[in-house]
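Novice: Chains as they are written, first to last, in the numbering used here: chain A, 1 to 440; chain B, 1 to 71; chain C, 1 to 183.
These are calculated hints, taken from the structure and not from any lab test. Be a bit skeptical, because a hint or two may be false.
Ranges between beta-carbon positions, derived for each pair [said to hold, decoys possible]:
hint	chain 1	residue 1	chain 2	residue 2	range
1	B	A54	C	I86	29 to 37 Å
2	B	A39	C	A177	30 to 38 Å
3	C	V73	B	P23	43 to 51 Å
4	C	R179	B	L62	24 to 32 Å
5	B	V46	C	G145	45 to 53 Å
6	A	R36	B	L62	54 to 62 Å
Quick reminder that beta carbons are idealized off the backbone N, C-alpha and C, glycines included.
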Amino acid sequence: MTVTAPPAAQAGSAALPRLLAGVGHQLVPGLAEHEREYGTLWLRGRSGQRRPERLIDMVEAAGLTGRGGAGFPTGRKMRAVAGRGEAVVVANGAEGEPASAKDRLLLTYLPHLVLDGITLAADAVGAAEAHLCVHRQEHDLIDGLAAVVAERRRAGLDPVPIQITGIPGRYVSSEQSSIARYLNGGPAKPTFSPPRPHESGVRGRPTLVNNVETLAHVALIARHGDSWFRGAGLPSAPGSMLVTVDGAVRWPGVYEIELGTAAGEVVMLAGGPAEDLQALLIGGYFGAWLPVEVAWPVPMTRAGLRAVGGALGAGVVIALPGSSCGLAETARVVRYLAEQGAGQCGPCLMGLPALAGAVADLAFQGGRGTAVDAIAGLLPLIEGRGACRHPDGATQLARSAVRAFIADARWHDRCGPCDGVRRAPLLPIPGDEEQDWNWT
Amino acid sequence: MSHQLRVNPIACNGHGVCAELLPEIIELDPWGYPILRSAMVPPALVVHARRAVATCPTLALLLERAQNRRP
Amino acid sequence: MSFALNGPALWYATRATGVVTLLLLTGTMLLGIVTAGRFASEDWPRFLTVGLHRNTTLLVLVFLALHVGTTVVDTYTSIPATAAVIPFVSSYKSPWLGLGAVAADLLIAVMVTSLLRNRLGFRAWRGLHWLAYACWPVALIHAMGTGTDRRTLWVFAAALGCVAAVAAAATWRLAMAARAGSR
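The whole structure should be built from the sequences, with the hints applied where relevant.
Specialist: Quick look at the structure:
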């Protein structure tokens, strides 16, 4: 999907836009424009003293949580890495989720915000090494970022040099322990924890791995403070976030919302439904399907979505029209996820293909009355039994599909595929030729 | 209960020796990989758990002091 | 028969314990291969293979100690104790005797690293364990080269049996691996 700049006015929110305030049209802002839009960044206070712990205090007080999908409190992560000796900062811009485009937008149009965030984080945790990781096949993006980094070096910013590092484009490769392992010279596959990267990551050093959007928020918190950050969103879920809206909406794209915005409002931001909707997929391929009437009023927060059996994930909202078959879409995604496993853990290596087969059977064959039970029987054999969350994401998606499309599932089980399976696939799945087949 | 079991799923190759030695806690899934019925090991079974840990051909079974798991 | 230190009793003991060591070592090899190949049946659980493999190796060590001990103590030949682990320090029946020390060194390396498996980590341990595939043939060559009894029919037949057994087990193991790989 093409990355477009969002509409200039975000109806209904005085606090926004924040991150996206500086998005121009097709032009990457130079350093001067960036500083004009967002203000200059100072690593030292007025007295000239460095106070790195002050940033961590601010980020903690702001209540910023990770925007890469896991939602871990960022201040706590930074505190865990700081004070353990020389650290490493890794900005994760690899965006393994095919349906998400927000990181790409940030790195293309707002790279200075992300790089500010990396520099601030490196200063706060005492890092002497910093990486910005992207898919190694994104040559244009890498070249663009290299030029921006060079411009900043010339201006004397970024005391810790930021290395643009290309990593394999596999789905599990953008997991934080995969990145640490790849930077250590190994394959980009998850490792068993403990130890986690914040304890021992790149070359055994405490490693801070943050999503690029999280670091962009850090860059703004450093400028405006934690109370400013809490001026948007909810007390329990403060701030703003980027969401990628796709599917049967009039204006698919990346939007910035306050946390707590209702999912239905997010769909309206994207121009509203292009057709009658039956369900929303929220959270991406590790997220969950919700029937549209259930999803519409739900606030976009981790707790709010979990309360209805959903997930916030990396802020992806995909609208499924009534003319599509949710089971067929899910079958394609689960098959993709099965192919994307690292192949390290038996239950995932064996279980995901079996699950993909079972969901495909329900979607495209069915008729024997056994498919729903087959799926239900597989889920507990797969969930939680891998070294990473890859199998859990797939089982969550499959379980939510059977629940959200239960009427369809029963119908398929009795009568076979519905007409919707013949509709062109809606959810984006990288083709063979687009995929990166190597782990090292 | 002072001990808990954990499987390293990356190291585990599905030999299944653990399920033979500690069937009270470990059973095998249809693909030969261990499922822990419960993570906690009753004191009476700790010696058997240690034996299962020592006999695992790939050192994939871990016996640890029980602690509150981090969320 | 007299049991003098230069008498034939010690010599018989050396030869006998040598043969037993070789047979036990072959047994350990077979059990190790079967462990990796994951054989199991109704009556033969996997932990039995793993346990027997480890315990048989301990028995190998016992008989190896007796084999070396009787050799060193025997005053008919003056083989120093160091010849047990340092190859070719004795010129007696060199190089065949020296190969025995090589095999003993490899065996000790494999055993010690296995005892320290937890500290070494699995990958390092497994790399070193491959030395077992070097230990066994070296021990066999030492036996045939040094062995007074190699021309005795039953000893020769036993040695041949050991080779056949390990060859068969290795072939079975490779076939299993090939089948698993092609699935």
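Novice: Identify every previously stated hint that the structure contradicts and give their numbers, smallest first.
Specialist: none
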